[in-house]
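K.L.:
So the protein lines, in turn, are chains A and B. Start counting the first sequence at 2; every next residue gets the next number (the numbering used here). Start counting the second sequence at 1135; every next residue gets the next number (the numbering used here).
Don't take every hint at face value.
[To be verified] Computed from the model, here is a short list of chain A residues facing chain B with C-beta under 10 Å:
1. Gly61
2. Val230
3. Phe241
4. Gly251
5. Val255
6. Asp259
[Unchecked claim] Residues on chain B that point at chain A, a partial pick, calculated with CB under 8 Å:
7. Leu1136
8. Glu1224
9. Gln1230
10. Trp1238
11. Glu1427
If you're looking for bench data, these hints aren't it; they were derived computationally from the structure. All C-beta atoms, glycine included, are put in the ideal place defined by N, C-alpha and C.
Below are the chains, spelled out letter by letter.
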Amino acid sequence: MQASELLSAYYVDANTWDEMYKDATVREQYKGVVEFMQGLNIEELNRKEEMARNLFMSQGITFTVYSSGEGIEKIFPFDIIPRIITSAEWNYIEKGIKQRLKALNHFLKDVYNDQFIMKDGIVPADMIYSCPHYLREMHGFPVPHDIYVHIAGIDLIRNNDGTFYILEDNLRTPSGVSYMLENREITKRIFPDLLPKNNVRTVTEYPTILHKNLVSLSPRQIAHPTIVVLTPGIYNSAYFEHTTLARLMGVELVEGRDLVVSNHRVFMKTTAGLQQVDVIYRRVDDEFLDPVVFNPDSMLGVAGIMSAYRKGNVAIVNAVGNGVADDKAIYTYVPAMIRYYLNEEPILKNVPTYQLGNPEEREYVFGNMNKMVIKKTNGSGGYGMLMGHMANEEEILKYKEAIIEDPRQYIAQPTINLSSSPCYMNGKLQPRRIDLRPYALCGPDGIQIVPGGLTRVALKEGSLVVNSSQGGGSKDTWVLAG
Amino acid sequence: MLSRVADSLFWMSRYIERTDGILRMLKINYASSQDDVHEFSWKPVLKTFTYLEEPEANELAYNSRAVLQFMVTDKENPNSVLNIVTHARENARSVQDHITKELWQCLNDYYHTVRDEHLIQLLHREDPVTILDTLIKQGLLYYGITDITMARGEGYAFINIGKFLERSVQSADILDIKFSDVDYDFAKTDATYWKYLLLSISGYELYLKTYRSGFDAKNVVEQIVLNRDFPRSVEYSVSQLHRYFQRLKGDKNVEAYRKIDFMIGKIRSRVKYSTVETIMETGLHAYLQAVKEDLYEVGNAFNQHYFAYS
Chain A
2 MQASELLSAY
12 YVDANTWDEM
22 YKDATVREQY
32 KGVVEFMQGL
42 NIEELNRKEE
52 MARNLFMSQG
62 ITFTVYSSGE
72 GIEKIFPFDI
82 IPRIITSAEW
92 NYIEKGIKQR
102 LKALNHFLKD
112 VYNDQFIMKD
122 GIVPADMIYS
132 CPHYLREMHG
142 FPVPHDIYVH
152 IAGIDLIRNN
162 DGTFYILEDN
172 LRTPSGVSYM
182 LENREITKRI
192 FPDLLPKNNV
202 RTVTEYPTIL
212 HKNLVSLSPR
222 QIAHPTIVVL
232 TPGIYNSAYF
242 EHTTLARLMG
252 VELVEGRDLV
262 VSNHRVFMKT
272 TAGLQQVDVI
282 YRRVDDEFLD
292 PVVFNPDSML
302 GVAGIMSAYR
312 KGNVAIVNAV
322 GNGVADDKAI
332 YTYVPAMIRY
342 YLNEEPILKN
352 VPTYQLGNPE
362 EREYVFGNMN
372 KMVIKKTNGS
382 GGYGMLMGHM
392 ANEEEILKYK
402 EAIIEDPRQY
412 IAQPTINLSS
422 SPCYMNGKLQ
432 PRRIDLRPYA
442 LCGPDGIQIV
452 PGGLTRVALK
462 EGSLVVNSSQ
472 GGGSKDTWVL
482 AG
Chain B
1135 MLSRVADSLF
1145 WMSRYIERTD
1155 GILRMLKINY
1165 ASSQDDVHEF
1175 SWKPVLKTFT
1185 YLEEPEANEL
1195 AYNSRAVLQF
1205 MVTDKENPNS
1215 VLNIVTHARE
1225 NARSVQDHIT
1235 KELWQCLNDY
1245 YHTVRDEHLI
1255 QLLHREDPVT
1265 ILDTLIKQGL
1275 LYYGITDITM
1285 ARGEGYAFIN
1295 IGKFLERSVQ
1305 SADILDIKFS
1315 DVDYDFAKTD
1325 ATYWKYLLLS
1335 ISGYELYLKT
1345 YRSGFDAKNV
1355 VEQIVLNRDF
1365 PRSVEYSVSQ
1375 LHRYFQRLKG
1385 DKNVEAYRKI
1395 DFMIGKIRSR
1405 VKYSTVETIM
1415 ETGLHAYLQA
1425 VKEDLYEVGN
1435 AFNQHYFAYS
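Same shape as in the complex, but just chain A (with noise of 0.2 Å):
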């Protein structure tokens, strides 16, 4: 194929930072793909985005959709064309995330005991205490070696001058890691020998690291603690996930119904009876995880299980009431954390955040809605969210009155334009807007980061939104050695 035709659609969009291109040429770490991508023609390429379906459906990458009654599989949208990310770059974000998810760290085991941080005026109280996500149930007791966010997924963007932004700390139960992991399995089949030629660094010691972590945990010292993975079942759309972390590790995939609590003990349910549970990695929100002391409805907790947590005889992962730290109007605070936990200058930036509970900034984000995305402040997966420059009038004055009725359920945030990356589209290179989660790890032993994470794709020309559920897919993310 000649290398114009491959290129020959692509464009980047004006005030937008390109991964790939810089000033019509491309960008060094992108020159090994685009020659490679330009030896192949058109059906060589389709054929490998063809494959890389199949493959994604024959393994089972898939998510159901249930329709009439009846189970369609589904797969999450991938993108063949990876995103690269240099090592320079890859060494900024680490130290970054490394030392804003310290201070987040710090903050949770803070506003659970002693509340310095309150009383010393640098959050008010009252937004702590109104966060949903703030549990009375987590107050005053030690969780093993203070680690409150064992696993976080920090949603990063780039803005037009390559400025890398926090868009929002996931520290609940981040999920799409396996995609992580299985994105590059599929690379390494659709292009054979390519990673190794660019020198890629491997993202495979995931699964090995977290297990380490969490075997640390255990309350019991004993050889083999007993670690599990709680799903809430089968019909979860992230099941495929829990599976898959389950048999990386080698431990064993559970639901609530497998487990049992005991004289503030928790069980599991065997073939050779009740066999007691050391380290939970929970993929059930803090709402459901146990009926007695949440929502009594819940199908996938265990009753008891709090009982149990306080007592220090089981250790849970992520820690409960993390949602204080991940809140959309807490956000705004970090900065200031890092400054009073770590007395340091934070290496990543916030977006600018308004707080629509101070009058001026809500009048001032009145006056430019079409500039602005509101948010609910414990929203998640892109529902709950205006964008200002695509709303139409009603969708706008809605949004106002929702505002002024409970101004802490929301947040505003100036359209931030994500960075561009090629996309593989019907024989061509085109540019769609990508944001990057990467996820980070912490033990005993400090925090760890895989080189790599999870690249988001809005796959709809134009389109800002990434999430999966709004028409997203993904890509392979590529960090190079340096």
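Chain A is already provided as a structure; the job is to place chain B on it using the hints.
P.N.:
Relative to the frame of chain A, chain B by itself:
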């Protein structure tokens, strides 16, 4: 092992064994229906493998394509291959961390194959044997992969327990229903009839080698119930069931183990110390019925003592 996991492995395995049985029956009966056999009827198949009422079964009994459609792809038929494979795959899906990746992919592929619209079209329009063969092969792949890749632990024991429990019930069923079709009147049957029955459970060649004097109903009963070397005989299946069950012996759950060991041992002895003559004395139907009931009891005991979790 989690009780829920043991339960799922057991059922995954039973469902595939059942699928295999159904597909073989369909293939051979279809061939038989093309063989211009005098008044060929699908009724025994429908009676073994579906919950159809008499009138509904009668309506289908002489329409091969309709039976194939009902048995393979009908979504409303809880025992269609489509539905059973879906159950097997759902069970496998919930225990992916206990089976090998190869085994999961095999069942996942089986599921996608049986839902393939194109294949379904062929089943209705072209040669059904080709399609049935494709499906049977997918099942054989499952058996091979299980054998080659699965670790010989508790999970493997439960897989085999499910498999042989299902198989012993099926073999008893096939015989019972085939004979009920002729009101247990052995004189009413002819050679072609036996040939197809044996072919459907891969026992034809063995029969020819064992009995050189042509077809005799008593010999058929002897092979399907009592032949120790025939992998589909009741005797073989029950002793395999016992063998894999005995691997569960340990220092936990001792009482349950003893109880079920006793139950299986009893069935095994009953079959082992039978002869065709004693079976005929009891009456074939009564004999098979008693064996089946005892096997159902074993299934219930597993539910109670090994799989109870909710």
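K.L.:
Min Cβ distance, valine 230/A to chain B: is it shorter than 10 Å?
P.N.:
At about 8 Å, which falls below the 10 Å cut-off, the nearest Cβ of chain B leaves the hint on valine 230/A intact, so it holds.
K.L.:
Measuring from the C-beta of valine 255/A to each C-beta in chain B, is the shortest one below 10 Å?
P.N.:
6 Å, holds
K.L.:
Against chain A, with CB atoms and a cut of 8 Å, does the hint on leucine 1136/B hold up?
P.N.:
5 Å, holds
K.L.:
Can we keep the glycine 61/A interface hint, with Cβ of chain B closer than 10 Å?
P.N.:
4 Å, holds
K.L.:
Hey, does the glutamate 1224/B contact hint survive, CB to chain A under 8 Å?
P.N.:
7 Å, holds
K.L.:
Given phenylalanine 241/A as an interface hint, is its Cβ closer than 10 Å to any Cβ of chain B?
P.N.:
Phenylalanine 241/A check passes; min Cβ-Cβ to chain B is 8 Å, inside 10 Å.
K.L.:
Next item in the hint list is aspartate 259/A. Is there a CB on chain B closer than 10 Å to its CB?
P.N.:
5 Å, holds
K.L.:
Would the stated hint for glycine 251/A survive a check requiring a Cβ distance to chain B of less than 10 Å?
P.N.:
8 Å, holds
K.L.:
Return the status of the interface hint for glutamine 1230/B: holds when the least beta-carbon distance to chain A is below 8 Å, violated otherwise.
P.N.:
4 Å, holds
K.L.:
Tryptophan 1238/B was flagged as interface toward chain A. Is the shortest Cβ-Cβ separation under 8 Å?
P.N.:
6 Å, holds
K.L.:
If you take the shortest Cβ to Cβ gap from glutamate 1427/B to chain A, is it below 8 Å?
P.N.:
25 Å, violated
In terms of the numbered hints stated before, the structure departs from hint 11 and from no other.
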